[in-house]
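Order-wise, the sequence lines are chains Y and W. Numbering-wise (our numbering), the first sequence opens with residue 1 and increments by one. Numbering-wise (our numbering), the second sequence opens with residue 1 and increments by one.
It should be emphasised that the hints constitute simulated quantities derived from the structure, not laboratory data. Since the structure is predicted, the reported quantities are computational estimates derived from the model, not experimental observations. Here a beta-carbon is modelled for each residue, glycine too, at the ideal position from N, C-alpha and C. Each hint can be trusted.
For each label pair, taking beta carbons as the anchor points, the in silico distance ranges come out as:
(1) Y:K48 with W:D281: 44 to 54 Å
(2) Y:N283 with W:S301: 33 to 43 Å
(3) Y:R309 with W:K293: 35 to 45 Å
(4) W:Q44 with Y:D53: 52 to 62 Å
(5) Y:E282 with W:G15: 29 to 39 Å
(6) Y:R309 with W:G362: 11 to 21 Å
(7) W:S301 with Y:D53: 37 to 47 Å
(8) Y:E282 with W:T376: 25 to 35 Å
(9) Y:W46 with W:E339: 47 to 57 Å
There are 2 protein chains.
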Amino acid sequence: AIQKLEFSLEMIEKGNFEHFMLKEIYEQPKAIEDSLRGRMNASQGWIKLGGLDEYINRIDKAERFIITACGTSWHSGMIGEYLLEDLARIPVEVEYASEFRYRNPIIRDNDVVIAISQSGETADTLAAIELAKERQALIYGICNVIGSSIARASHAGSYTHAGPEIGVASTKAFSTQVSIITLIALQIAQVKGTIPTSKMREILYELENISKKIEETLLLNDQIKEIAAIYKDANNFLYLGRGYNFPVALEGALKLKEISYIHAEGYPAAEMKHGPIALIDENMPVVFLATNKSAYEKIVSNVQEVKARKGKIIAVVLKGDTQIAELADHVIEVPETEEILSPLITIVPLQLLAYHIAIMRGCNVDQPRNLAKSVTVE
Amino acid sequence: AIQKLEFSLEMIEKGNFEHFMLKEIYEQPKAIEDSLRGRMNASQGWIKLGGLDEYINRIDKAERFIITACGTSWHSGMIGEYLLEDLARIPVEVEYASEFRYRNPIIRDNDVVIAISQSGETADTLAAIELAKERQALIYGICNVIGSSIARASHAGSYTHAGPEIGVASTKAFSTQVSIITLIALQIAQVKGTIPTSKMREILYELENISKKIEETLLLNDQIKEIAAIYKDANNFLYLGRGYNFPVALEGALKLKEISYIHAEGYPAAEMKHGPIALIDENMPVVFLATNKSAYEKIVSNVQEVKARKGKIIAVVLKGDTQIAELADHVIEVPETEEILSPLITIVPLQLLAYHIAIMRGCNVDQPRNLAKSVTVE
Numbered sequence: 001a002i003q004k005l006e007f008s009l010e011m012i013e014k015g016n017f018e019h020f021m022l023k024e025i026y027e028q029p030k031a032i033e034d035s036l037r038g039r040m041n042a043s044q045g046w047i048k049l050g051g052l053d054e055y056i057n058r059i060d061k062a063e064r065f066i067i068t069a070c071g072t073s074w075h076s077g078m079i080g081e082y083l084l085e086d087l088a089r090i091p092v093e094v095e096y097a098s099e100f101r102y103r104n105p106i107i108r109d110n111d112v113v114i115a116i117s118q119s120g121e122t123a124d125t126l127a128a129i130e131l132a133k134e135r136q137a138l139i140y141g142i143c144n145v146i147g148s149s150i151a152r153a154s155h156a157g158s159y160t161h162a163g164p165e166i167g168v169a170s171t172k173a174f175s176t177q178v179s180i181i182t183l184i185a186l187q188i189a190q191v192k193g194t195i196p197t198s199k200m201r202e203i204l205y206e207l208e209n210i211s212k213k214i215e216e217t218l219l220l221n222d223q224i225k226e227i228a229a230i231y232k233d234a235n236n237f238l239y240l241g242r243g244y245n246f247p248v249a250l251e252g253a254l255k256l257k258e259i260s261y262i263h264a265e266g267y268p269a270a271e272m273k274h275g276p277i278a279l280i281d282e283n284m285p286v287v288f289l290a291t292n293k294s295a296y297e298k299i300v301s302n303v304q305e306v307k308a309r310k311g312k313i314i315a316v317v318l319k320g321d322t323q324i325a326e327l328a329d330h331v332i333e334v335p336e337t338e339e340i341l342s343p344l345i346t347i348v349p350l351q352l353l354a355y356h357i358a359i360m361r362g363c364n365v366d367q368p369r370n371l372a373k374s375v376t377v378e
Numbered sequence: 001a002i003q004k005l006e007f008s009l010e011m012i013e014k015g016n017f018e019h020f021m022l023k024e025i026y027e028q029p030k031a032i033e034d035s036l037r038g039r040m041n042a043s044q045g046w047i048k049l050g051g052l053d054e055y056i057n058r059i060d061k062a063e064r065f066i067i068t069a070c071g072t073s074w075h076s077g078m079i080g081e082y083l084l085e086d087l088a089r090i091p092v093e094v095e096y097a098s099e100f101r102y103r104n105p106i107i108r109d110n111d112v113v114i115a116i117s118q119s120g121e122t123a124d125t126l127a128a129i130e131l132a133k134e135r136q137a138l139i140y141g142i143c144n145v146i147g148s149s150i151a152r153a154s155h156a157g158s159y160t161h162a163g164p165e166i167g168v169a170s171t172k173a174f175s176t177q178v179s180i181i182t183l184i185a186l187q188i189a190q191v192k193g194t195i196p197t198s199k200m201r202e203i204l205y206e207l208e209n210i211s212k213k214i215e216e217t218l219l220l221n222d223q224i225k226e227i228a229a230i231y232k233d234a235n236n237f238l239y240l241g242r243g244y245n246f247p248v249a250l251e252g253a254l255k256l257k258e259i260s261y262i263h264a265e266g267y268p269a270a271e272m273k274h275g276p277i278a279l280i281d282e283n284m285p286v287v288f289l290a291t292n293k294s295a296y297e298k299i300v301s302n303v304q305e306v307k308a309r310k311g312k313i314i315a316v317v318l319k320g321d322t323q324i325a326e327l328a329d330h331v332i333e334v335p336e337t338e339e340i341l342s343p344l345i346t347i348v349p350l351q352l353l354a355y356h357i358a359i360m361r362g363c364n365v366d367q368p369r370n371l372a373k374s375v376t377v378e
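Please work from the sequences and hints to get the whole structure.
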């Protein structure tokens with residue numbers, strides 16, 4: 001059957017950018033706006049996701065959400081766990097699709113399974129939702145490609161409106177996934193009454209302004225390029241974050257792995273002391289995501305521990321931060337937002353850092369070795 | 001107050017071993033036997049954990065288990081998730097203690113929180129259970145040190161009888177934790193009627209014999225030493241496994257990190273295609289845990305993918321395996337057991353591999369740099 005492609009030529013051309021990946025990083029403000037448009041309104045205080053509305057009674061009765069995905073989408077899912085538990089007070093389990101489907105998972109007919117996949121064709125994720133459907137769970141798909149297999153196999157869902165993503169390393173697909181999950185968590189929280197109206201408004205206003213703050217963050221590109229030049233020859237990187245920034249650490253490390261072939265690993269910052277700190281010496285760059293207002297002192301002490309072992313510290317901090325700035329070798333200052341929205345901002349410098357390091361190492365960033373854009377085999 | 005130490009001098013001497021870590025690796029068969037003794041009987045088909053008995057009604061009614069821990073104990077917890085969901089059919093959430101406590105977690109009064117800590121003094125884990133206690137959850141502690149803070153703060157619990165663990169990198173504490181969680185999962189499964197009596201007997205018989213199979217696995221020491229000599233200068237390692245072997249991959253990678261300072265990372269084998277495969281070239285050793293009978297063909301295809309990218313393959317397989325043996329550069333053949341018990345066996349070659357590599361690199365295996373035996377700060 002012939003499928004009409006729903007995008008114009010310019011959408012799949014690089015324009016003024018040298019690579020699709022860089023173009024797609026810069027498209028994030030617009031991609032997020034496109035994904036939010038018509039689905040929320042801050043001044044009127046509403047959120048309306050069509051797919052969610054249709055099944056809201058069943059979703060409201062769910063005792064548990066299971067989020068299943070692979071790769072970058074799994075990181076979006078982890079942020080989804082924090083959001084849904086925090087705002088809507090529903091227990092969430094995030095599962096690697098490949099693990100979930102093979103281990104006779106517990107799926108009950110009142111569970112809601114959220115599947116996340118840019119392409120909508122990820123083989124393990126598709127198989128996981130087929131299994132969950134057999135067990136009568138409600139399947140909610142978050143895909144970017146319209147009419148894709150996972151979108152069709154889901155009972156309901158929301159498309160991310162990221163536009164075509166050509167670079168193999170996912171960027172705007174990630175940030176639009178996170179935006180959609182934020183709306184899902186907020187809408188369910190509203191239905192459940194687990195969020196005060198005033199707090200909801202504050203978050204929605206911030207969400208409406210998030211694109212501007214991402215644009216502001218993109219202005220850091222030259223600074224990040226300078227940092228990249230210093231660390232381009234590193235063999236290893238650690239990425240550390242707490243709370244909402246922990247999945248961002250994982251995603252930032254994955255970007256670097258994918259396109260620069262540097263072994264980068266993400267960890268919850270406090271886990272460092274239970275092993276990874278042994279790796280730290282003067283050759284180890286450590287990227288800290290330190291924009292948290294909650295547990296800020298804890299992350300300061302993690303930074304101190306790395307400094308004491310002579311690790312090189314690149315810290316993403318809030319504008320005006322002084323405490324970490326004193327300790328770090330490099331600080332990247334990003335605009336402040338609601339803490340629950342911070343991944344949308346803190347991921348941006350990490351995408352740029354990975355991009356520049358990969359370019360400086362002569363890597364093919366749009367088509368990294370060994371990787372496929374859409375993993376349709378198991 | 002004066003506390004009497006409950007162990008004799010020889011227990012804290014190295015005996016014929018050069019290092020405590022090696023001694024403790026070799027003590028695992030006995031440590032597991034000590035931990036199982038009086039708590040199960042295969043021929044009579046019973047399991048009896050005192051701590052569990054006391055609260056069995058409440059535990060039976062739990063809708064969810066939360067396992068919280070740090071480091072190696074967190075890996076034991078992940079195996080616990082697989083065991084409890086698989087055997088007792090209760091949803092389990094495994095949480096890094098440091099993340100859990102700071103994110104306003106969902107804890108309900110009918111939740112059971114299992115805290116795992118060798119020392120029983122891990123600061124984040126202790127704080128996590130204090131929080132859960134305030135919210136009326138039942139706290140079940142799994143500790144090695146008698147009278148430790150976590151043991152005292154728990155409503156109930158089971159001690160691992162590993163004896164004193166001196167090496168900073170945990171070995172026998174891990175395997176006894178896994179043994180105890182296996183008993184917990186089996187006893188709850190028995191109460192809930194989610195396991196057929198015949199299956200229960202089979203598992204208990206295998207558990208009674210597991211120490212002999214670990215002894216058999218320890219005989220591979222010389223072969224593993226040879227493999228260590230080949231890869232001792234590697235800068236990076238990947239560890240891959242599926243199902244019950246996925247947490248083992250994480251734990252194997254952590255051992256290497258902790259004592260050899262090589263950047264090693266564990267992944268669920270199928271996630272490799274979503275990023276880490278980009279790291280693979282002729283310089284990357286990849287350790288596969290491939291003893292699974294379920295999804296065996298899937299792991300074979302993961303091995304093929306690594307081979308196609310010229311990665312060096314060290315595979316832990318079941319005795320007599322031919323398919324993976326043909327593909328791998330090195331095979332380590334271990335005895336077969338029930339798949340749910342396989343972590344107790346497959347971890348052993350990984351502990352030995354880390355040990356020998358660290359020794360060959362001139363590292364202080366018992367006191368690795370930057371690490372403390374018990375992390376009593378946050």
